[in-house]
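Enquirer: So the chains spell out like this:
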Amino acid sequence: MSRLIQAARIVLAVLREIFDEAAYARFLRRAQIESSSAAYAEFCREREASHARRPRCC
Amino acid sequence: MNRTRSVFVWAAVALLGAGAVAVIAMRRGEPLNAMWLVVAATCCYALGYRFYSKFVAAKILALDALRATPAERLENGRDFLVTNKWVVFGHHFAAIAGPGPLVGPVLAAQFGYLPGTLWVLGGAVFAGCVQDFVILLFSVRRDGKSLTEMAKEEIGRVGGFVAYAAVIAILVILLAVCALIVVNALKDSPWGTFTIAMTIPIALLMGLYLRRIRPGKVLEVSVIGFILVLLAIWGGRWASLNPTVADIFTLRAPSLAILVVIYGFAASALPVWLLLAPRDYLSTFVKLGTIGLLAVGIVAMHPTLHMPALTRFTDGTGPVFAGKIFPFAFITIACGAISGFHSLISSGTTPKLIARETETRFVGYGAMMAESAVAVMAIIAACVLQPGVYFAINSPAGIVGQTAAAATTTVSSWGFPVTAADMQALAHAVGEQTLFNRTGGAPAFAVGMAHIFSQSLGGETMMALWYHFAVMFEALFILTVLDAGTRVARFMIQDAFGHIYAPLGRTSWYPSILATSGLIVGAWGYFLWQGVKDPLGGINSLWPLFGIANQLLATVALCVATTIIIKLHRTRYAAVTLIPLIWLVAVTFTASWHKVFDPDPRVGFLAQAHALAAGPATAATARLIFNNRLDAAVTAILVLMVALVLIESIRQWMGVLSGTRDARVKETPFVMTRLAEGEV
Numbered sequence: 108m109s110r111l112i113q114a115a116r117i118v119l120a121v122l123r124e125i126f127d128e129a130a131y132a133r134f135l136r137r138a139q140i141e142s143s144s145a146a147y148a149e150f151c152r153e154r155e156a157s158h159a160r161r162p163r164c165c
Numbered sequence: 197m198n199r200t201r202s203v204f205v206w207a208a209v210a211l212l213g214a215g216a217v218a219v220i221a222m223r224r225g226e227p228l229n230a231m232w233l234v235v236a237a238t239c240c241y242a243l244g245y246r247f248y249s250k251f252v253a254a255k256i257l258a259l260d261a262l263r264a265t266p267a268e269r270l271e272n273g274r275d276f277l278v279t280n281k282w283v284v285f286g287h288h289f290a291a292i293a294g295p296g297p298l299v300g301p302v303l304a305a306q307f308g309y310l311p312g313t314l315w316v317l318g319g320a321v322f323a324g325c326v327q328d329f330v331i332l333l334f335s336v337r338r339d340g341k342s343l344t345e346m347a348k349e350e351i352g353r354v355g356g357f358v359a360y361a362a363v364i365a366i367l368v369i370l371l372a373v374c375a376l377i378v379v380n381a382l383k384d385s386p387w388g389t390f391t392i393a394m395t396i397p398i399a400l401l402m403g404l405y406l407r408r409i410r411p412g413k414v415l416e417v418s419v420i421g422f423i424l425v426l427l428a429i430w431g432g433r434w435a436s437l438n439p440t441v442a443d444i445f446t447l448r449a450p451s452l453a454i455l456v457v458i459y460g461f462a463a464s465a466l467p468v469w470l471l472l473a474p475r476d477y478l479s480t481f482v483k484l485g486t487i488g489l490l491a492v493g494i495v496a497m498h499p500t501l502h503m504p505a506l507t508r509f510t511d512g513t514g515p516v517f518a519g520k521i522f523p524f525a526f527i528t529i530a531c532g533a534i535s536g537f538h539s540l541i542s543s544g545t546t547p548k549l550i551a552r553e554t555e556t557r558f559v560g561y562g563a564m565m566a567e568s569a570v571a572v573m574a575i576i577a578a579c580v581l582q583p584g585v586y587f588a589i590n591s592p593a594g595i596v597g598q599t600a601a602a603a604t605t606t607v608s609s610w611g612f613p614v615t616a617a618d619m620q621a622l623a624h625a626v627g628e629q630t631l632f633n634r635t636g637g638a639p640a641f642a643v644g645m646a647h648i649f650s651q652s653l654g655g656e657t658m659m660a661l662w663y664h665f666a667v668m669f670e671a672l673f674i675l676t677v678l679d680a681g682t683r684v685a686r687f688m689i690q691d692a693f694g695h696i697y698a699p700l701g702r703t704s705w706y707p708s709i710l711a712t713s714g715l716i717v718g719a720w721g722y723f724l725w726q727g728v729k730d731p732l733g734g735i736n737s738l739w740p741l742f743g744i745a746n747q748l749l750a751t752v753a754l755c756v757a758t759t760i761i762i763k764l765h766r767t768r769y770a771a772v773t774l775i776p777l778i779w780l781v782a783v784t785f786t787a788s789w790h791k792v793f794d795p796d797p798r799v800g801f802l803a804q805a806h807a808l809a810a811g812p813a814t815a816a817t818a819r820l821i822f823n824n825r826l827d828a829a830v831t832a833i834l835v836l837m838v839a840l841v842l843i844e845s846i847r848q849w850m851g852v853l854s855g856t857r858d859a860r861v862k863e864t865p866f867v868m869t870r871l872a873e874g875e876v
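Protein chains in written order, with our numbering: chain A, 108 to 165; chain B, 197 to 876.
Just chain B, same shape as in the assembly (with noise of 0.2 Å):
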């Protein structure tokens, strides 16, 4: 393309993409289509990769195609192994790609439609993105190593231990968060539960054959595996209807989180060939297809949305969950748009696989963004609901009353008409038998993913098959994300634990095994207990706890990254990392506070404390008490470490820019890559 052409089609993308934005901006008091935000987004996600991205690349990581990677150097055909940049890509958007993206934004879409897709596209493209890349390369130049051996040699010892002293509280939550979703999805649902039960024979099976009769021929067991899970979803309408079956799976949320637990446990200290294995392929590619599946459905379908651009509770009213748009809505989306936890993939497995480091521009900043594309689709999921629908799913009895017509007369009274006599329509038509305070956001955004299936394929026939599909990939895969996190953090806590006693270490040590399997799910069994006991639904406390851990790791993340950039005398483009983390800064400290101190007892938690204990006593009152003084002791801890590595990073950069501290960077030195040009 001569350079006048590229002139006039750049120059036609922004402004494409400039009057999308403007008009899902400017929109009020009526429907907007649903492709507004699909060319909005394709436009900034164009401009953002063209532009920005390769700046970043050009101007201050200085990326070197001639510079050999750990993958090349190191080689060993298992870790580390120099990939094409396409298996990489689709390697690390399968790691980072969970049900964050989709449960985050349908809980933001109480505020409308607007907040959310903004801070998906614009935190994506400066904040999110970027994260994602420069702590991708930066672990290259370091030769794979993780973002919290990066924080212990760039800012120093308490950066490391306060980076591994996040991922660990941000696991036991996020474990929580995610055990509380499936809970809230499959209670009183035989259907649902049903199909989820049926997933565990189907991964023995697909172990089984994968053992026993096709060694390691995984995509096609897995294709067998996808076909049993589709007739697992049908036979769930049976199991439905008939009584005797749908009496022993309709579970109460109690029971649920129980077996839940025990899932938990078990998937953590057993052998993980016959069952997760074959279920975390299963999982990848029902999530794969379904995303897939969704693009084409939203382009296809082009729906409508109902929701509208700013509803009232932008106040912090809100009955989803409690808090001003500044700063709850930033904490509650965080995978599609800034996500901490992505950079532990970034400084994980990806970075021993990149073959160029002129690939990690791909890889990093364009995962990131097809990411926040599926955070996209689930605001428009959530917001192709009526108003008044969304509301009555995704608000607890706490706040709209126990009964349908309480529910459905406060839900109205906000100013969103619904009635009973809809709900109990909708119910019917996806097979349930109730779709009143099911919070947690998976329900809201199957029904959404149903709804617009439903237009093309099968109509409202099929509504309930496909409310069920969507019921089972948001089940499957966060219960894999469960067992694969479980896992994770033993493994984190045996490390820990065998600098104290050595066989604590070994991993194949079964005292060691079960009893740090054991601390790590009695430490989300107890949060994942405490939201199915609140009486706000857990939600409004889980989700604002995990989104301020997730974004404290993201603070760490670009702590160290800025560090780097400042340590590399680029200090004149440190803006780039520097205004993400002020802003997150900002952000997550003010959301911290909120929940700590906000004298709203729906808000701060000590608020809360204080108003039980001002109330009647019942049962349960001293426990909700302590569990409201120890999520704000949680998110307490949490600030003052990431508030140290701040103190600490900010020390740093004053040393090295008035030349009393070392500026020396710890990447492992130059070596010419042998790859020839175009190989690979």
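Bound conformation, chain A alone (with noise of 0.2 Å):
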């Protein structure tokens, strides 16, 4: 049972920095701030910087 747990953390976790809700969450600590408009805005703002840049393949 144990081992079902971890493994549905590791997807879970998997899935959360695929689909960047990770990445917001380090933001807002590095930011030291918390979750809003505004905050989710400037993430997206720098994510954009970094983001748009990685080749994706065919």
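Please keep in mind that the hints were generated in silico from the structure rather than gathered at the bench.
Quantities reported herein were computed from a predicted structural model and do not represent experimental measurements.
Note that the Cβ used here is the ideal one computed from N, Cα and C, for glycine as well.
You may find that some hints are simply not true.
[What the hints assert, rightly or not] So the derived label-pair ranges between C-beta atoms look like this: (1) B/PHE422 <-> A/GLN139: 31 to 37 Å; (2) A/GLN139 <-> B/HIS695: 36 to 42 Å; (3) B/ARG410 <-> A/GLN139: 20 to 26 Å.
[Claimed, not checked] Computed list of chain B residues with no C-beta within reach of chain A, every gap over 10 Å: (4) LEU489; (5) ASP618; (6) LEU700; (7) LEU836.
[Claimed, not checked] Pairs of lysine to any residue, SDA-like flavour, derived with a Cα cap of 25 Å: (8) B/LYS281 <-> A/ALA129; (9) B/LYS413 <-> A/ILE112; (10) B/LYS763 <-> A/GLU141; (11) B/LYS281 <-> A/ALA115; (12) B/LYS281 <-> A/ARG116; (13) B/LYS413 <-> A/GLU153; (14) B/LYS281 <-> A/ARG110; (15) B/LYS413 <-> A/GLU141; (16) B/LYS413 <-> A/GLU128; (17) B/LYS413 <-> A/ALA129; (18) B/LYS862 <-> B/LEU764; (19) B/LYS281 <-> A/ILE117; (20) B/LYS281 <-> A/LEU135; (21) B/LYS281 <-> A/ARG136; (22) B/LYS281 <-> A/ILE140; (23) B/LYS281 <-> A/ALA145; (24) B/LYS413 <-> A/ALA145; (25) B/LYS413 <-> A/MET108; (26) B/LYS413 <-> A/VAL118; (27) B/LYS413 <-> A/ALA115; (28) B/LYS413 <-> A/ARG116; (29) B/LYS281 <-> A/MET108; (30) B/LYS281 <-> A/ILE112; (31) B/LYS413 <-> A/ARG123.
Quick one: dock chain against chain with the hints and give me the complex.
Expert: Encoded structure:
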């Protein structure tokens, strides 16, 4: 059972990373701010600069 | 597991794998169950990972768990970040899995299921996985440097320049091919076009939800977006049956091409947060879910393959694309076996997330195995179709004829019986007006996938929904590749132009954004238009061009890897990258030669231009002649550039081996890790 829970945690962690939720949480921690529309807008601006340059495979 | 037991288990895996491959290779004249492919693939990947990747890791790369990675040394919470290996694996796989492993194997199925299967399994284990693994590790040891930077440092300026030019060329051709696949999948399909059109307001809603209602809750909004997309697919049936709405969404290929070009330009020039980022999330969500669903569907349904092991088209006369099995099967399937584009991902984001060197094996080698498994699924999806149906869908009107009767007569004359009534019934079952002349691979894959799913979930009555689900899935993530790729190419051009005139390098300066977006969209838009107007369907010329460009980039990546291995004084093991390199040189250079100089007008660009010039002149003749000459020139330039890198690399190897050149590699000096064992 504990292995199943651990596997589920890993899957959730992978999904949170792929879908940028983990990056947003890190951004909030780094900037020491609460989640809000303005905070998310700032995160998106920061993310766009690095994300948009990432190659995506065929 | 004790040693005896381990030997016994791995011997059993090897025997099972060899048996499955033998059945796949030997079976003739009767249908084959898809589970043989699944078993063969599972065993090959298990053996490749357990033994070959371990050998590469130990003997060549000497992975060192004590050496601090850039993620640890340069951690900044943004690009550089110590990350759990499963998370990096998922991230890396999501980045490398695009439409390539789905489309290429479907097209190559015209040779039968055998060539594609053997190339996907052997190519991945001995070439593709190795390339991704070694490039990832070498990038980790260079603070996450890109392939172009490594090529410049280890081979010389020529290597760096060619890698850069090859990336731009690949992007342009890739984007054109992607756009052409979408156009061919959606033309004259009100259901499909309606569904894809609906993803735009759905993405806008998601963007607003993320900004205004629940900031940052991406998984949550992706689930909502996915439910809305399913509703859009369901609504597509209504759209296709309502004459007024169907009329609006029934578009010819040229109209769709213009819309895709406008979309690409807008995607490149406008801010991403409102439309593109949510679409990207939605596409990733659908992509990962559908690949998982397809894997479960294949294992649960274990369908029968109706395509023979080898078809008569191994002689080069295939209708899907012209050219013999060697070299064309090996450039048609790139992403499932080896793809140069992966080397950009392996030297992009991923090396900045790796916590320990030892994890590069799992992430680099392992994720490519997963990508290869997707290609095996695509082969199965294409080969479950009756061969007559497969060829009727994938053959251009220029080959089989304009009418249903002509097309079915031609396909049946090849020994693959199919009737107009069969095709009409199939089109009706999937909610389309016709399935003839749907080149590009995506519709054939969608029909195969719908066939597999409908066997278990909903039966024939659900066939239309499954087909449009598959079309939506492919079109959605191909469009995501299109908009992301256009932006990446725009940034690369801006970086280069910035050296000539500084303001052009500023990514926020609108004149530069508009000019470079126009340049890149104009470039792929031109090739798209060429494909749409091509009487042979476009795929015949554009997919091989893309395959050649992609494999040439892999050639550059393997040149870099071999150079570093020789500089590390591990020449006795250099064959690990040198043999795939020699194979790719043989494949790409032969394919390029055929595409430029082959006397058959269906294969050689120049021969086709010559045939057009000698035939009756029409309004389009001059343009078609120019396009063929342009394609020939692009192919020749790419090959010449890669030949230069190859010559430069060989000079490096000779110099290092003879002691006349500096053998030092440009690695970051060793720093002891501070991560405790088991941490991360």
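Enquirer: So, for every hint listed, does it hold in this structure?
Expert: Structure-based check of all given hints:
no.	hint	in the structure
1	B/PHE422 <-> A/GLN139: 31 to 37 Å	holds, 34 Å
2	A/GLN139 <-> B/HIS695: 36 to 42 Å	holds, 39 Å
3	B/ARG410 <-> A/GLN139: 20 to 26 Å	holds, 21 Å
4	LEU489	holds, 16 Å
5	ASP618	holds, 33 Å
6	LEU700	holds, 16 Å
7	LEU836	holds, 23 Å
8	B/LYS281 <-> A/ALA129	holds, 15 Å
9	B/LYS413 <-> A/ILE112	holds, 22 Å
10	B/LYS763 <-> A/GLU141	violated, 51 Å
11	B/LYS281 <-> A/ALA115	holds, 15 Å
12	B/LYS281 <-> A/ARG116	holds, 13 Å
13	B/LYS413 <-> A/GLU153	holds, 17 Å
14	B/LYS281 <-> A/ARG110	holds, 17 Å
15	B/LYS413 <-> A/GLU141	holds, 14 Å
16	B/LYS413 <-> A/GLU128	holds, 7 Å
17	B/LYS413 <-> A/ALA129	holds, 10 Å
18	B/LYS862 <-> B/LEU764	holds, 11 Å
19	B/LYS281 <-> A/ILE117	holds, 10 Å
20	B/LYS281 <-> A/LEU135	holds, 23 Å
21	B/LYS281 <-> A/ARG136	holds, 22 Å
22	B/LYS281 <-> A/ILE140	violated, 28 Å
23	B/LYS281 <-> A/ALA145	violated, 32 Å
24	B/LYS413 <-> A/ALA145	holds, 14 Å
25	B/LYS413 <-> A/MET108	violated, 28 Å
26	B/LYS413 <-> A/VAL118	holds, 17 Å
27	B/LYS413 <-> A/ALA115	holds, 19 Å
28	B/LYS413 <-> A/ARG116	holds, 17 Å
29	B/LYS281 <-> A/MET108	holds, 22 Å
30	B/LYS281 <-> A/ILE112	holds, 18 Å
31	B/LYS413 <-> A/ARG123	holds, 9 Å
Violated hints for the displayed structure, listed by number in ascending order: 10, 22, 23, 25.
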